[in-house]
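Between the sequences and the hints, there should be enough to build the whole structure, so can you do that?
So the sequences go chain by chain: Y and W.
The opening position of the first sequence corresponds to residue 1 in the numbering used here, with each subsequent residue numbered one higher.
The opening position of the second sequence corresponds to residue 1 in the numbering used here, with each subsequent residue numbered one higher.
Derived from the structure by calculation, the hints contain no laboratory data.
Hints should not be assumed to be uniformly reliable.
As the list claims (entries may be wrong) - Taking beta-carbon pairs under 7 Å as the criterion, some of the chain Y residues facing chain W (in silico):
hint, residue
1, Gln33
2, Gln42
3, Leu43
4, Asn45
5, Tyr48
6, Gly52
7, Ser94
8, Arg95
9, Phe98
10, Glu100
Ideal Cβ positions, reconstructed from N, Cα and C, are used throughout, including at glycine.
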Amino acid sequence: GIQVEQSPPDLILQEGANSTLRCNFSDSVNNLQWFHQNPWGQLINLFYIPSGTKQNGRLSATTVATERYSLLYISSSQTTDSGVYFCAVSTGGSRLTFGEGTQLTVNP
Amino acid sequence: DAGVIQSPRHEVTEMGQEVTLRCKPISGHDYLFWYRQTMMRGLELLIYFNNNVPIDDSGMPEDRFSAKMPNASFSTLKIQPSEPRDSAVYFCASSSSTAYGYTFGSGTRLTVV
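Put into C-alpha cells, the structure is as follows:
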C-alpha cells in the first residue's frame, strides 16, 4: 500500500512563530487531506488538497502531486494550534491512509 | 447541521460483552467511514459505505467486528465478543463525495477490561 511520511514528528514553537509541516507519499494520489487533532481528540478537516494551493486564514497548504509531497504552513501560531496534524491520502476509491502525524506544541 | 454524531462518547465494558457503537452522518452525505485510532497502529480504516452499501471492509480486524448501515442516517459498529485489545477510539466520518473533505465525529473511547 501507499506510504505516508510526515515530518517533523514533533515541533515546539513560541506563540507568534511560523512553521512548515511536510507530508511525503509514495504513489500518485487522487485525494489528500490535512487534519488537526486537538488536545481533546477531535479531528478537524483543514484542507482537501490533492493538488495546488489553498489558504484559510493563518493556514495554507500546497500539494505538488508530481513530486509527491504536500506542505502545511502555519503562520503567527497560537496556543490553540497545538495538537497533532495528520496528512491522509488515497490512490483511488475512498480508502484514506493516514500518516503518523506531527505533534505541535505552541507555548505562550 | 450538527455534524457527525457518535454515541456513546465513552464505553467501558468487560471482556466478552457485546459492544455497539452508533453514528449519524451529516444529512446528504453518501459516504460513511469507520476508523479506529490506537497508539500502536495510528488511524486505520475499518470499513466504509457508499449509499448505505458496504464497499470495502478489508480493514475489519476479524469476524468479531460487524458494521451495518440500515439507512442513510444511521450506522452501527458492533464487537461481539469484545476483547481488551479492542480498546481504542473509534471514529465515524462522512463525506458527500470522495472529492471532498471528510467530517469526523467526536469519537467513542472504548475500554475493554
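Status of the hints after comparison with the structure:
1. Gln33: 5 Å, holds
2. Gln42: Where the cut-off is 7 Å and the nearest Cβ of chain W is about 6 Å from Gln42 (chain Y), the hint holds.
3. Leu43: Since chain W brings a Cβ to about 4 Å from Leu43 (chain Y), closer than 7 Å, the hint holds.
4. Asn45: Hint holds; Asn45 (chain Y) Cβ to chain W Cβ min 4 Å, cut 7 Å.
5. Tyr48: At 4 Å from the nearest chain W Cβ, Tyr48 (chain Y) passes the 7 Å test, so the hint holds.
6. Gly52: 13 Å, violated
7. Ser94: 5 Å, holds
8. Arg95: Holds, because the Cβ-Cβ distance from Arg95 (chain Y) to chain W comes to roughly 6 Å (cut-off 7 Å).
9. Phe98: Check passed: Cβ of Phe98 (chain Y) comes within 4 Å of chain W, closer than 7 Å.
10. Glu100: Hint holds; Glu100 (chain Y) Cβ to chain W Cβ min 6 Å, cut 7 Å.
Hint 6 from the earlier list is the only one contradicted by this structure; the remaining hints agree with it.
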